[in-house]
Amino acid sequence: MSQTTAPIDFRANAQRIPPKMAASVQKATAKFLGNRAALVEALGNDLWQTLRQAGHDLRLHAITHLDHYLEQAERAVTAAGGHVHWAPDAAEANRIVLTIARRHGVKKVVKSKSMATEETGLNHAMEAEGIQVIETDLGEYIVQLLGVGPAHIVVPAFHLSKEEIADLFREKLGVVADAEAERLTQVARVKLREEFLTAGLGISGGNFLIAETGTVVTVTNEGNGRMCTTIPPVHVAIVGIDKVVPDWESLTVLLKLLARSATGQKITCYTSFISGPPRSPSETGPREFHLVLLDNGRSRILGSPETRETLLCIRCGACLNICPVFNTVGGYTYGYPISGPTGMLFASQILGMQAAGGLPFASTLCGACNDICPVKIPITDILLHLRHRVVEGDEQEGAVAPAILRAGAKAGSVALRTPWLYRLGSTMLKWLQAPLARDGWISTLPPPLNRWTMARPFPAFAPDFRGWWRSRGRGRQP
Amino acid sequence: MDPAREEILAKVRASLDRGPDSPAPPVPPMARVGPRSAGSVDAEIALLFSEIENLNGNVRRLAGREDLKSALAKLVKVEAVKKATLWTTADLATWDVAGTLKALGVEIVSPQADKHLVAECELGVTGVDAALPETGSLLLRSSPERPRVVSLLPGVHLAILTRAALRADLHQVFAEAKDAGYCVLVTGPSCTSDIELTLTLGVHGPKSLYVWLLEAG
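Protein chains in written order, with our numbering: chain D, 1 to 478; chain E, 1001 to 1217.
Chain E on its own, in the form it takes in the complex (with noise of 0.2 Å):
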């Protein structure tokens, strides 16, 4: 019996008028406001796609496995990427994008390593559980293969996502990620107007976002 949880509860209770065995409340108003159909597919990517550009983000909608091969080299040119750090789910497994980075010469560093070793990574690989194209939301999970450091401590973030991931609206996203356990809407780069109102990007997350919509893997 924690005297301070009693203490608290019996306050709370005393200005509700409410008593330990009160009636538990009627199901609380319905919060479903604007709920929002989907779009058509194309119209639906063409959607996400602004609202990341918007953002500051780079998108890129790729037709198959050589088109992400070659997205991968110019990738790793353009941000001079050295290591990198990635999920290890069965889609990035399948299209075997270590394998690639490899090959262009990147060290894959394991998410699971000492973090000032993840965050020596100058690029981090994702996929992306759920995206939500009327705020260019992507939603990450965590869990042993969706290590939380990759989409967070690299200063690129590369977020590869299929048609598959699509969600109409919040409320669909949230019926599944609500006992998932942690995770994180990723919206745009890390960015802050702290300094004169003035917006910059890469404060302490990932300074640029790739978006990218692999179609056939």
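The following block holds chain D by itself, in its conformation from the complex (with noise of 0.2 Å):
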């Protein structure tokens, strides 16, 4: 868990993001669900839940047998002549990392996408020690330059215009094009060409660890993953624990969820199979080939028998696309790489509630997520479970929600269940309320509670309701 995060809070980044921020993300998140429930369509929705169905069965076995299936993992990698390194935690994996880059006299990095070293800080911590990175992927690339982090998994970028990408690009590049798709994405493939080819170290994340073979899988459409993972002369991949699959006949179920359910393509435009260095030193291809299996608290969600679905996550964005909350309010909200429904778990329980305790009240329990997540993670379910764990505490963690938000709570629960309390409640609110209501509305009440007069008015309390009942005679009067 890490002690040194600043409470996440997501009212107040609510209150500050731009203000077409909503109007970008509904844009893209429309495209991929539309694409998406094409593509469901095509394939017939039966297949599709027996689909849902198998990745969710497959990744809960794979997680729940975890330990065996990470030993096997590492002895497939280890024959295949690559190297195995295991990190508890993000300083952990920053530091093998960097030793691998210093071994080496890395002055320049080439990165492929991966949420995991978003997580861990990579990119600062190789600053830090004189090291350039060079985000790759073209979103990653374009809010690299910005200098902010991915406002959604799979399209980092979407809310940027073509004109502020084309300033962007004038200012931190010295290139001037014209503010259009083609012409920006041609700037930015003659630039990371060259670095490409210059790097000392290439580092990519994986979509998925094949057990059987120790293959690290990475989902890609640019190319950007195939040349961090081909050119330099050194490749590092950094893999979540969670991402293990136990076998290709596994993978083929999740990878007919994945891309589908991410962007509404088939298949993505390249899907890599790296199972360690070449095999032979005439095969072109990095002279080494590092894995970095990454833990970071996944050991310990993985205790929780009522969160551990958590780890089922294929990373596709589904829930993102579809949650009402991050289509009013863009990945930056939830101040944490992972944004949105499958965010919220992440953060929560990766931060611990001290630094994310709101993230799971940030959502309206629609349920929506439950419905296309590829994977049937019971996601509402979780977060009532980690609502619980905020308030109340479990065998994780304990309460952090303020005492005397608790104190009210309790006080609320036996007033309500004691028929003496609750009558006196009724017949002092109707005394209380008399000089505030009007025409049967209360517009302003005094603080803390104005906090909800200062947006609406609050509904007069009617007559009680026993008293009603009594004076009709109890229901025999009409």
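No lab work stands behind these hints, which were simulated from the structure alone.
Treat the hints loosely; a few may be bogus.
Short, incomplete list of chain D residues facing chain E, as computed with Cβ under 7 Å [stated by the list, open to error]:
{"no.": "1", "residue": "A28"}
{"no.": "2", "residue": "T50"}
{"no.": "3", "residue": "L58"}
{"no.": "4", "residue": "H68"}
{"no.": "5", "residue": "C269"}
{"no.": "6", "residue": "Y270"}
{"no.": "7", "residue": "I274"}
Partial selection, computed: residues in chain E whose CB lies under 7 Å from chain D [claimed, not checked]:
{"no.": "8", "residue": "I1008"}
{"no.": "9", "residue": "K1011"}
{"no.": "10", "residue": "R1013"}
{"no.": "11", "residue": "S1015"}
{"no.": "12", "residue": "K1115"}
{"no.": "13", "residue": "S1143"}
{"no.": "14", "residue": "P1147"}
{"no.": "15", "residue": "Y1182"}
{"no.": "16", "residue": "G1188"}
{"no.": "17", "residue": "D1194"}
{"no.": "18", "residue": "H1204"}
{"no.": "19", "residue": "G1205"}
Note that the coordinates shown come from a computational prediction; the quantities given were computed from them, not determined experimentally.
Quick reminder that beta carbons are idealized off the backbone N, C-alpha and C, glycines included.
Join these two chains into a complex; the hints should help.
If you want it as structure tokens, here you go:
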């Protein structure tokens, strides 16, 4: 658990989003959802539901036997000539990568998109040691130039206009180009090509790790993933231990689910399968392959049966796309590289409730995410349990909700289930509201209750039901 | 004994109530969901081609070596190819693709050459180890004769396949690929919608993908 993270204040962040964010988010998510729906319809709903259940079952199987599969993956990678490193936390993961970089005298690193490395803050750690780190996924490259994190796990820069990107390229790269997607993409292609060809180290994440053969699978569209894992002489893959898949057969299910759920493609342009370094000296590719297995709180999440299905996530982003909250506030509000429903689950459990205890409440519990999740994670069930953890505590963490709130909730609970207290309360409310109610509405209240009436009026309490019932002769008169 | 490794495995086991000697898990739940039987060869080829075309790839069916020669001549002209790099597999050698290109005035660059030189090639020519009609995907392996950069660095990727490459579904492809080392499933040219959700081609990988089926080599 991170001890040093400033608490994430979702509400405060939500006040600070730029005015056009909601429109940009909704434009992007509508497109992905539309494409996804078309493909699901083409497959047939029955098959889709069968795939979802199979995906859920095999991912659950993988994480509930995680020690076995991690050891199997390690044996396979080592037998193939690769190196396996184990990182219990973020700091250790960064240290491992830095050690490898230093040993090779690396000055420049090219990186393909990896949420795990955003989580560990790898870029900052490397730059602090004077190593240049270049994000090569186009969206990540853009937000890196801007100095911010990703706004969506699949399309990090979706909220920026082409004019803003053109200005950014002019300012940061000294390149003048028309504000047109094709031209801007070409600018990035040319710039990044040189970086790929001269970098001393390529870093990737891994969408999946196949235990059977120790194979890191990367799912990409641009080709930067292939570049980072083929051109530089050393390749380091940082993969969360939750990414394990038992075998290739299981992977077929997940590949059928992933791209359809994420962007509405049947499959992405490039799905790469990396099993250690090249097998013979005359085969081109990196001379050294390193796999860094990242724990950073995942083993602890595993220990909570009510919430361990958090780890089934295959990072498709579908839950982000469908979430009404995400569609209103965008990704930055969550204060964590993974946002939206799955982000709430990860952030609050990896950072702990002191830092991220507000996140499980940033949901209307509408449940749309449950229905769209390709591996059937019971997201709202887990959110409810996490709320319980915040307010009352559980085996993993003590309660973090303020004592006064807990006391108030307790008092309310007592009042509602004690008949004489309830009757007393409703009589008192009738008297208390008399000076405040006008035409059935209360439009102002004293603080702190004015936090309600600042935005809208409160309905006045009607005459109590019991009195009304008695006065009507217990229902005998209409 | 790596203490970090022991720490992580111990935590995982504690979380799952498993010990170091806990039994190996039962065979994972059957994942053979929706296996596909191939249609007729012609139907499969038609499906493969239509999927690739939907992704902005270019497809052609070539009757034989003469057809291949004229198709290459056209490609060299259309894509203004001055330099090319190729796989050195037996198939490509038999079809004499390098020879044909040389005769067209194209300089052949070895894929084992310095990566800057390979990056200057306009064209990369590969074979296809397996083709998946249902998604229009091509499986390319890696080996001394199949350098990875050939299908990655040049702006134009030409993949020549025969009927023998066709596979019914991903299960078949994986059964063959899983012990073969590095491989990549290529589906269409490189693309992104990172800028305003507008689709653009040729981000880092090839901008143009040509897939030719050679009937009689």
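Verification of the supplied hints:
1. A28: Holds, because the Cβ-Cβ distance from A28/D to chain E comes to roughly 6 Å (cut-off 7 Å).
2. T50: At 5 Å from the nearest chain E Cβ, T50/D passes the 7 Å test, so the hint holds.
3. L58: 5 Å, holds
4. H68: 6 Å, holds
5. C269: 5 Å, holds
6. Y270: 6 Å, holds
7. I274: 6 Å, holds
8. I1008: Hint holds; I1008/E Cβ to chain D Cβ min 5 Å, cut 7 Å.
9. K1011: 4 Å, holds
10. R1013: Cβ of R1013/E sits 5 Å from chain D, so the hint holds.
11. S1015: 3 Å, holds
12. K1115: Holds. Min distance 6 Å.
13. S1143: OK, holds: S1143/E within 7 Å of chain D, min 6 Å.
14. P1147: 4 Å, holds
15. Y1182: 6 Å, holds
16. G1188: At about 5 Å, which falls below the 7 Å cut-off, the nearest Cβ of chain D leaves the hint on G1188/E intact, so it holds.
17. D1194: Result: holds, 4 Å to nearest chain D Cβ.
18. H1204: 4 Å, holds
19. G1205: 3 Å, holds
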